[in-house]
Amino acid sequence: MTALDTAFAATALVAVAGGLLAVTTRHVVHAALWLVVALLGVAGSLLVLGAELVALVLVLVYVGAVVVLVLFALMLTRAPIGPDLAHAAQPWRTVGAALLGAAVALLLGSVLLPLAGDPVQRADVATTQVAGALFGTWVWPFELLSALLLAALVAALAVSRIPREAAS
Amino acid sequence: MIHLAGPYLLATVLVGLGVFGIAVRRNAVLLLVGVELVLSGALVLLVTTQAAGADRWSAGSVLPLFVITIAAAETVLALAVILTAFRQRSRVDLDEPSGEAP
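Line by line, the protein sequences give chains A and B. Position one of the first sequence corresponds to residue 1 (the working numbering), numbered consecutively onward. Position one of the second sequence corresponds to residue 169 (the working numbering), numbered consecutively onward.
Next comes chain A alone, as it looks inside the complex:
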């Protein structure tokens, strides 16, 4: 156990605990707020892994934008303040979902964990290197991404402008 391993274990614990509470809590607003905790834990793990830029973007975009959007959507769909009894999952559904999640985790773990060999020296990638790669090798995917964002923006506007009578 090195210092990096200990720091990673601490942040990973925060991420896993937040994620577990986010998917199990009965309060809908709490689910979104526990997602913030989980994502902050993931951002800390990424910091330990030496990806400062990705961690910062994760906090800015996920915690700053996506979770706020989810909270807005919860308010607009009239989510109850207390426990959400209208959408309570039946026991068989919880058991089935837990089995499915455990099976996926087992499958992924059995593939990934044998790949982890001896401890490696953490590679430090400077932000200037990332920027060089982003605007050199990856410039066309990057430009495509801006077109994708524009398309998503226009599509979201178009979808939300569907009048009430159109579906019936």
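None of these hints come from the bench; they were simulated from the model. Even glycine gets a Cβ: it sits at the ideal position worked out from N, Cα and C. Do not take every clue at face value.
[As the list claims (entries may be wrong)] Quick look at which bits of chain B chain A covers, simulated, 3 or more residues with Cβ under 8 Å:
(1) 170-182
(2) 249-259
[To be verified] Ranges of calculated distance between the beta carbons of each label pair, as one might list FRET restraints:
(3) B:M169 / A:R78: 50 to 56 Å
(4) B:V249 / A:T137: 30 to 36 Å
(5) A:M75 / B:D263: 18 to 24 Å
(6) B:L262 / A:P119: 39 to 45 Å
(7) A:T94 / B:V249: 22 to 28 Å
(8) B:L262 / A:M75: 18 to 24 Å
With the hints as your guide, set chain B onto chain A.
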């Protein structure tokens, strides 16, 4: 020096939790919480390749940025669809049969 077993385990657990969340939730908005957890597991895995120094062209640092951007676009579209469905049916229950719209 860092053991790679930790990041791999974290990615595995996050994806498992996310799949559990996707399968167990009946509220359409909370489904997205599970999706975000799965995507963050993928992020951890991508950044691990960068930390191990096994990537070319800084793919381990650039692809996570792409994943985050695409996830944001996907969330915006999903929420637009959910809100439109809520306006039409005034419910966000995923278990509701499609013919029961009021």
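Hint by hint, here is what the structure shows:
Here the segment 170-182 of chain B counts 13 residues with a CB under 8 Å from a CB of chain A, which clears the bar of 3, and the coverage holds. Check on the segment 249-259 of chain B: 7 of its residues sit with their Cβ under 8 Å from a Cβ of chain A, so the three-residue criterion for coverage holds. The supplied range of 50 to 56 Å is met by M169 of chain B and R78 of chain A, whose beta-carbon atoms lie about 52 Å from each other. The supplied range of 30 to 36 Å is met by V249 of chain B and T137 of chain A, whose beta-carbon atoms lie about 34 Å from each other.
Restraint check, M75 of chain A to D263 of chain B: a C-beta distance of roughly 22 Å satisfies the suggested window 18 to 24 Å. Remark: the range hint 39 to 45 Å for L262 of chain B to P119 of chain A is upheld by a beta-carbon distance near 44 Å. As the Cβ distance of T94 of chain A to V249 of chain B is approximately 26 Å, the hint placing it in 22 to 28 Å holds. Distance hint for L262 of chain B and M75 of chain A: a CB-CB separation of about 19 Å, consistent with the stated range 18 to 24 Å.
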